[in-house]
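A.B. asks: Sequence:
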Amino acid sequence: MPMHRTNPLYLILVHTNMSFTSFTEELRAAAGDQWERVVNHKFTTELASGKIDRNVLKKYLIQDHRFLDAFVVLLAAIISNARSLDDRIPGCQFLAMITGKENTYFTRCFEKLGCSEEERAKVPDEEVTKRFCNLMREVALQGSLGQMLSVVVVAEWSYQSWGEKLLQTTIRDDFTTFEWVDLHSGPYFAEVVSYLRGLLDKEGEILDFEGKLKCKEAFLRAVQLEEDFFEMAYAS
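With the sequence shown counted from 1, adding 121 to any position gets you the numbering used here.
Hints listed in this document are in silico derivations from the structure and should not be mistaken for laboratory results.
Given the structure is predicted, the values throughout are model-derived calculations rather than measurements.
Any given hint might turn out to be false.
As the list claims (entries may be wrong) - List time: in silico BS3-like cross-link candidates among lysine-lysine, alpha-carbon distance up to 27 Å:
hint	residue 1	residue 2
1	251	323
2	323	163
3	286	222
4	222	243
5	172	286
6	163	233
7	335	233
8	163	251
9	222	251
10	222	163
11	163	180
12	233	323
13	335	222
14	180	222
15	335	180
16	323	335
17	333	323
18	243	233
19	251	335
20	286	337
21	243	323
22	222	233
23	180	243
24	243	333
25	323	337
As the list claims (entries may be wrong) - Ranges between beta-carbon positions, derived for each pair:
hint	residue 1	residue 2	range
26	292	214	28 to 34 Å
27	238	263	30 to 36 Å
28	210	286	38 to 44 Å
29	229	307	14 to 20 Å
30	330	263	18 to 24 Å
31	151	244	19 to 25 Å
32	289	163	31 to 37 Å
33	229	332	38 to 44 Å
34	330	293	43 to 49 Å
35	293	240	24 to 30 Å
36	356	154	30 to 36 Å
37	332	252	32 to 38 Å
We put the beta carbon where it would ideally sit given N, CA and C, even for glycine.
Take these sequences, add in the hints, and give me the full structure.
C.D. replies: Right under this line is the structure:
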């Protein structure tokens with residue numbers, strides 16, 4: 122008797138037999154045009170050109186810095202739940218970079234832009250900032266390793282995609298713009314993205330169908346939030 126196409130087992134078999142790409146490539150493909158909108162957003166090109174409106178940049182940086190605590194929690198959860206010491210070490214090294222060099226970039230930018238701690242404290246979290254922080258904490262506390270990685274992979278892979286594309290044409294007149302490109306491009310960051318994608322690809326090999334669907338849901342939620350976050354920077 123032929124298996125019905127709506128049978129979950131049939132869908133699993135089709136997925137297994139027809140999948141010739143990595144799990145992370147499948148997830149990116151599922152995001153479709155929205156992924157392309159994120160990695161080609163006008164914020165990235167205006168940033169690299171050095172012509173971005175400083176009020177747009179300041180709004181973006183204030184809100185992006187609000188992610189840092191939730192991102193550290195999520196990355197620490199990935200390190201804690203990784204399956205071996207070899208899988209933990211690169212994550213620990215990346216965590217040190219995030220809490221060191223990247224955090225310092227923000228503080229230097231705020232000083233350059235004349236944005237004091239008191240001023241920043243008066244700025245409320247944007248709705249998209251709240252939703253993104255909630256997603257990171259949600260998967261860190263309740264999600265599988267695959268779901269945690271799905272969210273982080275979106276953040277780092279999408280930024281590497283536009284960072285590498287724009288690196289060679291980035292104008293280097295103002296560190297507030299070009300250093301954000303530098304932080305998301307180059308050999309070290311490529312290794313970070315490869316490491317994170319590799320962990321998620323390995324999870325994809327052992328997850329059941331339901332587990333993969335949960336990863337896809339987390340991945341697509343993160344892609345939506347990345348697009349919404351760029352749009353937020355331009356909203357009046």
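A.B. asks: Now look at each hint and say whether the structure bears it out.
C.D. replies: Now for the hints, and whether the structure bears them out:
A threshold of 27 Å between alpha carbons decides the hint, and for residue 251 with residue 323 the separation of about 30 Å lies outside it, so the pair is violated. Taking the CA atoms of residue 323 and residue 163, the gap is near 34 Å; set against the 27 Å cutoff, the hint is violated. Distance restraint check for residue 286 and residue 222: the Cα-Cα separation of roughly 22 Å lies within the 27 Å cut-off, and the hinted pair is therefore satisfied. Proximity of residue 222 to residue 243 is assessed by CA-CA distance (about 25 Å); at most 27 Å being required, the pair is judged to hold.
For the hint pairing residue 172 with residue 286, the CA-to-CA distance comes to about 17 Å; that is within 27 Å, so the pair holds. This hinted pair checks out: residue 163 and residue 233 have alpha carbons roughly 23 Å apart, not beyond 27 Å. Restraint check for residue 335 and residue 233: the C-alpha separation of about 42 Å exceeds 27 Å, so the hint is violated. About 23 Å separates the Cα atoms of residue 163 and residue 251, which keeps this hinted pair within 27 Å; it holds.
Note on residue 222 and residue 251: the hinted pairing holds, with a Cα-Cα distance of about 24 Å set against a maximum of 27 Å. At most 27 Å may separate the alpha-carbon atoms for a hinted pair to count; residue 222 and residue 163 meet this at roughly 25 Å. For a cut-off of 27 Å, the pair hint linking residue 163 to residue 180 stands: about 15 Å separates their Cα positions. At roughly 42 Å between alpha-carbon atoms, residue 233 and residue 323 are farther apart than 27 Å, so this suggested pair is violated.
A hinted pair counts as satisfied when its Cα atoms are at most 27 Å apart, and residue 335 with residue 222 does not qualify at roughly 33 Å. A hinted pair counts as satisfied when its Cα atoms are at most 27 Å apart, and residue 180 with residue 222 qualifies at roughly 20 Å. For the hint linking residue 335 to residue 180, the alpha-carbon distance of about 32 Å lies beyond 27 Å, and the restraint is violated. In summary, the hint linking residue 323 to residue 335 is supported, as the alpha carbons are separated by about 15 Å, within the 27 Å threshold.
Straight-line distance between C-alpha atoms of residue 333 and residue 323 comes to about 12 Å, which keeps the hinted pair within the 27 Å bound. Simply put, residue 243 and residue 233 have alpha-carbon atoms about 19 Å apart, close enough for the 27 Å limit, and the pair holds. As the CA atoms of residue 251 and residue 335 are separated by approximately 21 Å, the hinted pair is consistent with the 27 Å bound. Annotation: proposed proximity of residue 286 to residue 337 holds, straight-line Cα distance about 25 Å (limit 27 Å).
Distance hint between residue 243 and residue 323 is unfulfilled; the C-alpha atoms sit about 43 Å from each other, more than 27 Å. This hinted pair checks out: residue 222 and residue 233 have alpha carbons roughly 16 Å apart, not beyond 27 Å. Between residue 180 and residue 243, the direct Cα distance comes to roughly 12 Å. Compliance with the 27 Å bound is thereby established for this hinted pair. Between residue 243 and residue 333 the CA atoms are separated by roughly 41 Å; this puts the pair beyond 27 Å, and the hint is violated.
The hinted pair formed by residue 323 and residue 337 meets the criterion: a straight-line CA distance of about 15 Å does not exceed 27 Å. At roughly 30 Å, the beta-carbon separation of residue 292 and residue 214 lies within the given 28 to 34 Å, and the hint holds. Remark: the range hint 30 to 36 Å for residue 238 to residue 263 is upheld by a beta-carbon distance near 32 Å. Judged by the Cβ atoms, the range 38 to 44 Å given for residue 210 and residue 286 is violated: they are separated by roughly 29 Å.
Remark: the range hint 14 to 20 Å for residue 229 to residue 307 is upheld by a beta-carbon distance near 19 Å. Judged by the Cβ atoms, the range 18 to 24 Å given for residue 330 and residue 263 holds: they are separated by roughly 20 Å. With their beta carbons about 34 Å apart, residue 151 and residue 244 fall outside the hinted range of 19 to 25 Å. Checked against the hint of 31 to 37 Å, the C-beta distance between residue 289 and residue 163 comes to roughly 19 Å, which is inconsistent with it.
Remark: the range hint 38 to 44 Å for residue 229 to residue 332 is upheld by a beta-carbon distance near 41 Å. For the pair residue 330 and residue 293, the beta carbons lie near 48 Å from each other, so the given range of 43 to 49 Å is met. Residue 293 and residue 240 have their C-beta atoms about 27 Å apart, which keeps the hinted 24 to 30 Å range intact. Judged by the Cβ atoms, the range 30 to 36 Å given for residue 356 and residue 154 is violated: they are separated by roughly 21 Å.
Checked against the given bound of 32 to 38 Å, the beta carbons of residue 332 and residue 252, roughly 23 Å apart, lie outside it.
When held up to the earlier numbered hints, the structure conflicts with 1, 2, 7, 12, 13, 15, 21, 24, 28, 31, 32, 36, 37 and fits the remainder.
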